[in-house]
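Colleague: Residues per chain are reported as follows:
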Amino acid sequence: MPLLWLRFALGCYFIGLVYAFVALSRTSDLFSRIALHAASMGMVFHFVSLTENFMSGQVAWVSVHNGESLLAFLSMTFFMVIYAIYKTTSPGVVVFPVVFFLTFVAAVDEQPVLLTSFVSHKGWLIAHIILIFTGYAALVLSFGASLLYLIQERRLKSKKPTSLISFLPALEVIDQIGYRSLLLGFPFMTLGLLTGSVVAVTTYGHVDFLDPKILLSLLMWVVYMVMVFTRWNSGWRGRRAAFLATFAFVAALAAWAANYFSAIHRFGAS
Amino acid sequence: MRFQLIGVNHKSAPLEVRERLAIPESRLPDTCRELTAYPGIEEGMVISTCNRVEIVTHTTNGHADLRGFLHDHFHLKPEDLDAHLYEFREKDAVRHLFRVAASLDSMVVGEAQILGQVKEAYATARAVGAVRGQLDQLFSRAFAVAKRVRSETAVGSSSVSIASVAVELAKKIFGTLQGKNVFIVGAGKMSELAARHLMAHGCASIFVANRTYERAIGLAQKFDGQAIKFEDLYSTCDRADIVITSTGAPHAIFRREHGEQFLARRKNRPMFFIDIAVPRDVSQDMAKMDGIFAYDIDDLQQAVTSHVADRRKEAERAEAIIAGEVERFEARLHTLDVVPTIVSLQDHLETIRQAEIDRVRGRLGQLSPEQEIAVEALTRGIINKVMHTPITTLKSAARESEATTIVDVVRRLFNLQVKAKEAAVDRKDEVGTPQ
Chain R
20 MPLLWLRFAL
30 GCYFIGLVYA
40 FVALSRTSDL
50 FSRIALHAAS
60 MGMVFHFVSL
70 TENFMSGQVA
80 WVSVHNGESL
90 LAFLSMTFFM
100 VIYAIYKTTS
110 PGVVVFPVVF
120 FLTFVAAVDE
130 QPVLLTSFVS
140 HKGWLIAHII
150 LIFTGYAALV
160 LSFGASLLYL
170 IQERRLKSKK
180 PTSLISFLPA
190 LEVIDQIGYR
200 SLLLGFPFMT
210 LGLLTGSVVA
220 VTTYGHVDFL
230 DPKILLSLLM
240 WVVYMVMVFT
250 RWNSGWRGRR
260 AAFLATFAFV
270 AALAAWAANY
280 FSAIHRFGAS
Chain A
353 MRFQLIGVNH
363 KSAPLEVRER
373 LAIPESRLPD
383 TCRELTAYPG
393 IEEGMVISTC
403 NRVEIVTHTT
413 NGHADLRGFL
423 HDHFHLKPED
433 LDAHLYEFRE
443 KDAVRHLFRV
453 AASLDSMVVG
463 EAQILGQVKE
473 AYATARAVGA
483 VRGQLDQLFS
493 RAFAVAKRVR
503 SETAVGSSSV
513 SIASVAVELA
523 KKIFGTLQGK
533 NVFIVGAGKM
543 SELAARHLMA
553 HGCASIFVAN
563 RTYERAIGLA
573 QKFDGQAIKF
583 EDLYSTCDRA
593 DIVITSTGAP
603 HAIFRREHGE
613 QFLARRKNRP
623 MFFIDIAVPR
633 DVSQDMAKMD
643 GIFAYDIDDL
653 QQAVTSHVAD
663 RRKEAERAEA
673 IIAGEVERFE
683 ARLHTLDVVP
693 TIVSLQDHLE
703 TIRQAEIDRV
713 RGRLGQLSPE
723 QEIAVEALTR
733 GIINKVMHTP
743 ITTLKSAARE
753 SEATTIVDVV
763 RRLFNLQVKA
773 KEAAVDRKDE
783 VGTPQ
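Just so you know, the protein sequences line up as chains R and A, in that order. Residues 20 to 289, numbered by our numbering, are exactly what the first sequence covers, in order. Residues 353 to 787, numbered by our numbering, are exactly what the second sequence covers, in order.
Possibly wrong hints are sitting among the right ones.
[Said to hold, decoys possible] Restricting the straight-line Cα-Cα distance to at most 25 Å, the calculated cross-link-like pairs of lysine-lysine (BS3-like) are: (1) A/363 x A/443; (2) A/665 x R/178; (3) A/443 x A/471; (4) R/176 x A/581; (5) A/640 x A/523; (6) A/523 x A/574; (7) A/523 x A/443; (8) R/178 x A/523; (9) R/178 x A/363; (10) R/179 x A/523; (11) A/499 x A/665; (12) A/747 x A/443; (13) A/640 x R/179; (14) A/471 x A/363; (15) A/499 x A/471; (16) A/363 x A/429; (17) A/747 x A/737; (18) A/581 x A/541; (19) A/523 x R/176; (20) A/523 x A/619; (21) A/665 x R/179; (22) R/176 x A/640; (23) A/640 x A/619; (24) A/541 x A/499; (25) A/363 x A/523; (26) A/665 x A/640; (27) A/665 x A/363; (28) R/106 x A/523; (29) A/581 x R/106.
[Said to hold, decoys possible] Here are a few chain R residues that sit away from chain A, every Cβ distance over 10 Å (derived from the structure): (30) 55; (31) 99; (32) 205; (33) 241; (34) 270.
No lab work stands behind these hints, which were simulated from the structure alone. For glycine and all other residues, C-beta sits at the position ideal for the given N, C-alpha and C.
Construct the complete structure from the given sequences, taking the supplied hints into account.
Modeller: Put into structure tokens, the structure is as follows:
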């Protein structure tokens with residue numbers, strides 16, 4: 020049943036995905052409204068799916084697909100918060116494809132992949148998952164914002180007359196969206212990693228720093244911190260910030276992918 | 353539909369003529385009264401702005417002598433005035449009014465002021481009772497059309513002067529201009545104008561630097577700003593988000609090294625340079641820097657040109673909307689024309705039916721409830737069948753121009769007196785004369 024709801028959600032997000040592609044070439048108020056409604060409806064289905072999953076027992080909760088689904092949901096939540104504050108759907112250009120992809124992967128089939136390691140502190144584990152995914156979602160958004168910043172900067176610099184009519188919000192608004200999600204995401208990411216370590220220590224008695232998952236997670240955290248620092252200290256924007264954000268995003272992807280070959284942090288097949 | 357409109361605008365008449373026709377606001381009510389007292393005019397109102405004077409009327413027979421009214425009212429000779437006048441009737445008058453209200457007939461197409469002016473003129477005329485039935489409908493529709501044009505096309509959205517383009521660009525960079533600082537380098541007319549626009553959009557404070565310090569002080573005072581010595585330009589410039597520069601310097605005064613300095617001190621917050629100097633004040637290598645957005649006079653001019661072109665395209669869409677609205681308005685008026693006739697036709701026949709039933713009731717004797725119902729159904733049925741074709745014909749005629757003729761014929765044939773309320777207002781003449 021949760022899977023069915025998730026697939027409904029996927030259908031709704033698909034409209035968002037189409038919007039993302041259309042919005043790149045032209046502006047349509049009507050379409051962005053449709054996309055917004057579709058996305059909100061998708062979130063409702065998505066929420067139902069997540070809740071049912073949660074109700075069905077905590078073991079299923081920590082499967083890979085649920086993770087992806089939760090991440091997609093949190094990203095959508097961020098998107099909606101930004102919409103509420105800035106009244107712009109343009110981050111959707113980046114957020115919708117990512118959310119669609121995550122939901123798609125989560126919705127294709129019902130894999131009974133569970134965390135094979137024996138975990139003694141489920142509370143810590145859940146805290147870890149939610150915190151780190153919120154961090155990821157913020158990172159996705161900040162990455163999206165830095166791409167939009169580049170596009171808008173390019174448009175303004177090109178001085179083409181069309182640059183005035185565009186779906187993108189003002190440069191400083193995009194910048195604020197990116198910076199705020201970055202700032203918001205950092206504590207979540209940090210706490211997420213800490214709770215992760217707690218789980219690891221209580222389960223294995225120590226943290227294996229040479230494990231790819233832990234190495235990549237640390238790398239991602241360091242890049243994240245560098246981003247926050249450069250931004251705070253010297254106001255890095257535009258190309259340099261986008262470069263860093265891309266790097267952090269890739270690191271995050273790598274850290275995520277490491278789930279598939281880490282010895283300790285696995286949603287291994289049953 | 354017997355609308356008639358006469359007027360002059362910025363295209364048809366030079367300023368000297370418009371000046372002589374302009375009616376001050378205080379005189380508008382009297383002029384409206386005078387207008388409605390003029391022979392052949394039922395309702396009338398006057399729109400008088402600096403770009404146009406228009407007289408809009410609903411007449412008794414569609415051929416009121418509006419030119420005569422203008423000659424009399426302004427004491428002008430026909431040869432001085434007539435060449436500049438345009439006159440529209442019926443549909444054309446409706447179209448013209450819709451275009452005026454939607455700002456398609458304005459000097460700056462899409463400017464929003466005209467709608468407000470028309471609304472004021474309408475309110476004035478209404479207050480003195482010069483606008484009642486038909487003109488009331490016409491103007492309510494015109495306001496709705498103007499609103500539709502504004503919301504469905506971008507005809508009023510893009511700005512058309514260099515100063516307003518600069519404001520729009522600044523908004524694209526900063527979002528809001530609230531709290532942003534402006535720096536004028538080189539006091540000149542154009543930079544002053546741009547600064548005025550920026551301040552009007554919420555910019556917080558202004559700095560002025562000029563080679564002649566006194567001129568800087570003079571300009572700064574105008575804006576409640578702060579004059580800066582030219583030597584201190586580079587050390588203070590980073591405090592501004594928007595720099596308007598128009599010095600007569602033979603070389604660029606803002607170069608890459610300055611840009612780097614500014615951005616470092618501003619923690620890379622972007623800066624917008626409006627460079628209206630020729631030769632340019634901002635060097636090319638500085639303009640290329642991340643975080644520096646420099647627009648020279650050609651860039652701005654290009655944006656203006658494209659805005660004008662955009663507006664023209666949007667104006668075409670607006671014209672299409674108006675054409676559709678004129679048709680709809682006409683159709684609606686015609687339908688209103690036939691509705692009272694249909695109603696009185698139905699009333700008339702119903703009276704006959706009732707009278708006939710009462711007349712034969714005595715001869716029918718006591719009827720059972722079933723028989724009562726049957727008689728009702730029979731008589732009603734006959735009337736409905738007979739009425740069906742005339743009513744359909746009237747309704748469809750409403751959409752065509754011959755409506756008035758057919759309505760007249762039906763009224764004559766059935767000897768109808770129109771009783772409906774709106775008809776009483778609209779057609780008081782016809783109702784008054786026996787048919």
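Colleague: Determine for every hint whether it applies to the structure shown.
Modeller: Each hint, compared with the structure:
no.	hint	in the structure
1	A/363 x A/443	holds (21 Å)
2	A/665 x R/178	holds (21 Å)
3	A/443 x A/471	holds (21 Å)
4	R/176 x A/581	violated (31 Å)
5	A/640 x A/523	holds (20 Å)
6	A/523 x A/574	holds (24 Å)
7	A/523 x A/443	violated (42 Å)
8	R/178 x A/523	holds (15 Å)
9	R/178 x A/363	violated (34 Å)
10	R/179 x A/523	holds (16 Å)
11	A/499 x A/665	holds (18 Å)
12	A/747 x A/443	holds (20 Å)
13	A/640 x R/179	holds (15 Å)
14	A/471 x A/363	holds (22 Å)
15	A/499 x A/471	holds (12 Å)
16	A/363 x A/429	holds (21 Å)
17	A/747 x A/737	holds (16 Å)
18	A/581 x A/541	holds (20 Å)
19	A/523 x R/176	holds (14 Å)
20	A/523 x A/619	holds (20 Å)
21	A/665 x R/179	holds (18 Å)
22	R/176 x A/640	holds (8 Å)
23	A/640 x A/619	holds (18 Å)
24	A/541 x A/499	violated (36 Å)
25	A/363 x A/523	violated (34 Å)
26	A/665 x A/640	violated (33 Å)
27	A/665 x A/363	holds (20 Å)
28	R/106 x A/523	holds (16 Å)
29	A/581 x R/106	violated (42 Å)
30	55	holds (19 Å)
31	99	holds (20 Å)
32	205	holds (19 Å)
33	241	holds (22 Å)
34	270	holds (23 Å)
Violated hints, listed in ascending order, are 4, 7, 9, 24, 25, 26, 29; each of the other numbered hints is respected by the structure.
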